[in-house]
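For reference, the chains in residue letters:
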Amino acid sequence: MTVLADLPADPTVERRRAVQEAAASSLRRRKIGSGIALGVCWAFLAIAIVPLVAVVAYVVVKGLPAWNAAFFTQSTVPEGIPGGGVWNAIVGTIVITGIAIAVTVPLGLVVGLFLAESDGRAAASLRFTADVMTGVPSITVGIFGYIAIVRNFGYSGFAGAFAIGFIMLPVISRAGETAFRGSPPHCARRPWPSGPARP
Amino acid sequence: MTIIETPAPAPASLPPGSRGRFGLSDRGFRWTLGAAALVVAALAAWFLVSIVLQARPAFSTLGFSWIFQGTWDPSHGKYGLLPFILGTLEVTAIAVVLAVPIGLGTALALAYLVPARTRAGLSTTVELLAAVPSVVYGLWGLVVLAPVFRDTVEPFLTSVLGWTGLFDGPDQGVGLLLAGVILFVMIMPTMVAISRDVLAVVPNEQLEGAMALGATRWQVLRKVVVPGARTGLLGAFTLATGRALGETVAVALVIGNSPYIAHSIKSPAATIPSLIVNNFGEATGTELAVLFAAGLVLLVIGITVNSVARWLVWSTAGPSAGAAAR
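For the record, the sequence lines run as chains A and B.
Position one of the first sequence corresponds to residue 1 (this note's numbering), numbered consecutively onward.
Position one of the second sequence corresponds to residue 1 (this note's numbering), numbered consecutively onward.
Hints are computed from structural coordinates only; laboratory data are not their basis.
Virtual Cβ for every residue (Gly too), placed ideally from N, Cα, C.
Incorrect hints may appear among the rest.
Claimed, not checked - Which bits of chain A does chain B cover? Going by a derived footprint, with three or more residues having C-beta under 8 Å, they are:
(1) 23 to 33
(2) 101 to 111
(3) 163 to 170
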């Protein structure tokens, strides 16, 4: 605006030059700003990547030397006694996660299908319930597992699987819903005469 | 992914008279679906009811004022929950304040700045890091980062920002600051992975339109890409905040577990999850009920944050608010 205010006497050429200069300086200014902002983005990328890589590198460097046959094949021994391994923990992880997957994946996918196939109030409230369940802090799920299973049946791998399954179920349901909604109706209806073999 | 907008109901391109893709005849199948849905609803109700029932003794014997009292001393019957509520909120705030700008910048860089050849590799790396168990982050924080914080970071921050009064007290390594930073590192992969996905799907035509008007790359990112993806970004930030609120093991390892209200950002403190995990083993009677009630308080905080975020998504996604926003 200031450029237009004090235009030189000769209109056309001078005016065009003034406008071009103003545009060029605006572009220069914006390019510098853009460069700074993009540089900040790059710096943030570095800030984000460095600790993450550091964590993994540290665990690998410190942990890899401890890997040997006994580590994977023997059970943990009491503190102070040399030797032993984590075979029991590996089996425990696999069993607990396996039970949780075996129950929640089929159940969650069926729920996802229900959510994808229904638009009513029931589906909407269930969708909301699943979303809230996803946001539940895991420690409260642990408390729930303690109250529901441990108090009645004692500590067990099943109690762990129950708690993990509770965390998994809403995630699988909602992800399943998204996936089922993605399938076009004509594909979904084709196997209709033979039942829901291929949803 | 929870808060990211629900896809619109399936288009009703069905012959008149049928109720859904599978029609009326497949009643058994619909019953199966309904039964599975009922299982989820029943689980949710069971969850809520059992925690409320188990927490009730705490409220019936102590009332409600203990929630906002500041002294935690179970051996003398004092169960003030305030230090833990504050600790939870403070640690989460530190993590989110760091994670929001850095996560957004990282996601923008990953989606638009990194050369295409390295993009896939970097993105996969970030996604893999989301699968690192939180206890690994906690251990790393305790073993590696805590000494660095005690000897370098905290003295430096105190010398630069000491005048604010936030950095009073001795440099201990473990404490609010370290816990917040560890949480930040931990929630970063989730946040970046989701943010990058929603940033990358902003239509190319909009980007090209802005460029054709002479916008610089940053102007395109700030005025087209970020506003276009704001609903999904809010979802990513909420999910990350929820994780930070409920994180237990990583925080319990690095926060110092002190049941007092922190007077400085360097002080040891405790969060509700760390309180529960540290005391659950020995607690009996009233203390156990108090821990259940603390879990209930955490649940209320979590659901409140979640609801506020959903409301934000809903209000910014609305046409009127969307137009007024920028």
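Here is how each hint holds up against the structure:
Against chain B, the stretch 23 to 33 of chain A contributes 4 residues with a C-beta closer than 8 Å to a partner C-beta. That satisfies the three-residue criterion, and the hint holds. Against chain B, the stretch 101 to 111 of chain A contributes 3 residues with a C-beta closer than 8 Å to a partner C-beta. That satisfies the three-residue criterion, and the hint holds. Chain B is given as covering the stretch 163 to 170 of chain A, and this holds because 3 residues of the stretch bring a CB closer than 8 Å to a CB of that chain, at least three being needed.
Figure legend: structure checked against the earlier numbered hints; every hint is met.
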